[in-house]
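Throughout the sequence shown, residue numbering follows UniProt numbering, covering 1 to 294 in sequence.
If you are wondering where the hints come from, they were derived from the structure by calculation, not from laboratory data.
All values reported here derive from a predicted model rather than from experimental measurement.
Any given hint could turn out to be false.
Stated by the list, open to error - Between beta-carbon pairs, the in silico distance windows are:
| hint | residue 1 | residue 2 | range |
| --- | --- | --- | --- |
| 1 | D47 | M20 | 41 to 49 Å |
| 2 | L109 | Q240 | 42 to 50 Å |
| 3 | L150 | A50 | 38 to 46 Å |
| 4 | N146 | E105 | 35 to 43 Å |
| 5 | E198 | Y247 | 14 to 22 Å |
| 6 | K233 | F157 | 27 to 35 Å |
| 7 | G208 | N151 | 22 to 30 Å |
| 8 | G271 | A50 | 27 to 35 Å |
| 9 | G155 | P179 | 30 to 38 Å |
Claimed, not checked - Simulated crosslink set (DSS-like; lysine-lysine; CA at most 27 Å straight-line):
| hint | residue 1 | residue 2 |
| --- | --- | --- |
| 10 | K246 | K172 |
| 11 | K100 | K46 |
| 12 | K221 | K266 |
| 13 | K175 | K153 |
| 14 | K270 | K282 |
| 15 | K210 | K244 |
| 16 | K282 | K221 |
| 17 | K236 | K266 |
| 18 | K233 | K270 |
| 19 | K282 | K229 |
| 20 | K266 | K233 |
| 21 | K270 | K236 |
| 22 | K221 | K244 |
| 23 | K172 | K229 |
| 24 | K175 | K221 |
| 25 | K46 | K104 |
| 26 | K244 | K153 |
| 27 | K172 | K209 |
In this text, a Cβ means the ideal position worked out from N, Cα and C, and glycines have one as well.
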Amino acid sequence: MLHIVFGQPAVTVLGEAVAMDEKMQGEILYFEDDLSVGPLFILDTKDGQAARKLWWQQLAGIQPQPAAVTTEETAPPSQPVATPEEEETPGDADRFRSLKARLKEEPELEVWIWAGQNARDVCGYYWLVSQLYDFAGRIHIIYLNNLPFLNEKGGVFYPTHLHQILPKEFLKAKKLARPISLAEYELDGEEWHRLMNENGGIRLLEGGKKIRGEATAFYDKELVTQSGKEFVKAWKVVQQVTGKLKYPVMDQFLGWRLKELIREGKLESKGELKTIRDFEVKLPGEQTINETAS
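Use the sequences and the hints to build the structure in full.
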């Protein structure tokens with residue numbers, strides 16, 4: 001058996017759960033790219049994957065952001081790149097090729113895709129299922145959609161992400177595993193192609209498996225609103241915005257949007273525009289108390 005999750009945080013808790021049940025024994029494969037943000041256009045081609053990789057490098061500050069370019073105008077890539085040193089590590093495209101090769105070589109191999117109720121997991125599922133039709137019957141889905149679980153104190157809660165679930169609670173969730181139907185391969189494969197062609201800047205989960213695309217600047221107004229007349233740490237602004245969201249967006253994406261707002265003159269900054277802990281922002285045209293005193 002091979003378990004698939006989207007994002008490394010889910011690996012630890014699922015790994016502990018797998019160790020508790022011999023019927024779940026198997027490797028865990030994770031795909032790192034958060035497909036709920038950034039360009040997707042022609043992501044099923046090398047050009048699309050290369051362009052998305054470039055976009056991630058721009059977010060990480062490895063490559064300069066071209067002037068006046070938005071996500072919708074940029075062609076797409078396949079895995080986030082956090083540092084130049086990580087460029088040589090296997091990416092999602094490599095992981096997928098290895099997965100497909102194993103499925104061909106090991107006819108008894110069964111795959112369980114685990115997805116929480118969030119846009120990252122659902123978009124990852126759409127991406128995978130659109131390419132696995134040849135292995136119908138061997139690919140299972142466990143979608144933890146609006147399901148109650150127990151937390152450490154024994155209280156009931158509704159997790160949105162797998163890493164929020166206690167390992168022992170996964171043992172209950174395994175009962176939900178079911179083969180992906182032929183109809184789902186067709187319909188969900190079409191949904192993935194719709195998302196690629198739509199190429200929104202971000203994708204939001206509306207409920208169930210319904211994804212809505214929005215413009216890259218969708219959160220810009222809120223980022224500006226949370227910035228004041230005095231300089232405040234960029235990470236605090238990001239934290240205030242994500243704290244209001246049911247499905248938080250990655251800090252790196254919102255940090256990139258802050259930099260774009262600075263570039264467009266909608267915010268002013270102080271410090272190096274690296275990570276969100278390296279600079280501060282404020283509304284333009286307002287003097288701070290210290291600036292006035294000087």
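**Asked** If you draw a straight line from the CA of K282 to the CA of K229, is it 27 Å or shorter?
**Response** holds (6 Å)
**Message:** With the threshold set at 27 Å, check whether the alpha-carbon distance from K100 to K46 stays at or below it.
**Reply:** Given pair K100, K46 holds - Cα atoms ~17 Å apart, limit 27 Å.
**Prompt:** Is K172 within 27 Å of K229, Cα to Cα?
**Reply:** violated (50 Å)
**Request:** Assess, step by step, whether the Cα of K244 is no farther than 27 Å from the Cα of K153, and give holds or violated.
**Result:** holds (25 Å)
**Asked** When you check the alpha-carbon spacing of K236 and K266, does it fall within 27 Å?
**Response** Given pair K236, K266 holds - Cα atoms ~18 Å apart, limit 27 Å.
**Prompt:** Does the Cβ distance between K233 and F157 fall inside 27 to 35 Å?
**Reply:** holds (30 Å)
**Request:** Take a quick look at whether K175 and K221 sit within 27 Å of each other, Cα to Cα.
**Result:** Given that 27 Å is the threshold and the Cα spacing comes to 43 Å, the pair is violated.
**Asked** For the pair supplied as a hint, K233 and K270, is the alpha-carbon distance within the 27 Å limit?
**Response** holds (9 Å)
**Asked** Honestly, do D47 and M20 meet the 41 to 49 Å range at C-beta?
**Response** holds (44 Å)
**Request:** Would you check the hint for K46 and K104, treating anything up to 27 Å between C-alpha atoms as holding?
**Result:** Roughly 22 Å separates the two Cα atoms, so the pair holds.
**Asked** Can the suggested window of 27 to 35 Å be confirmed for the beta-carbon pair G271 and A50?
**Response** This hint holds: roughly 32 Å between Cβ atoms.
**Item:** Straight-line alpha-carbon gap K270 to K282, limit 27 Å
**Value:** Holds, because 9 Å separates the two Cα atoms, which is no more than 27 Å.
In summary, the structure is inconsistent with hints 23, 24 from the numbered list given earlier, while agreeing with the others.
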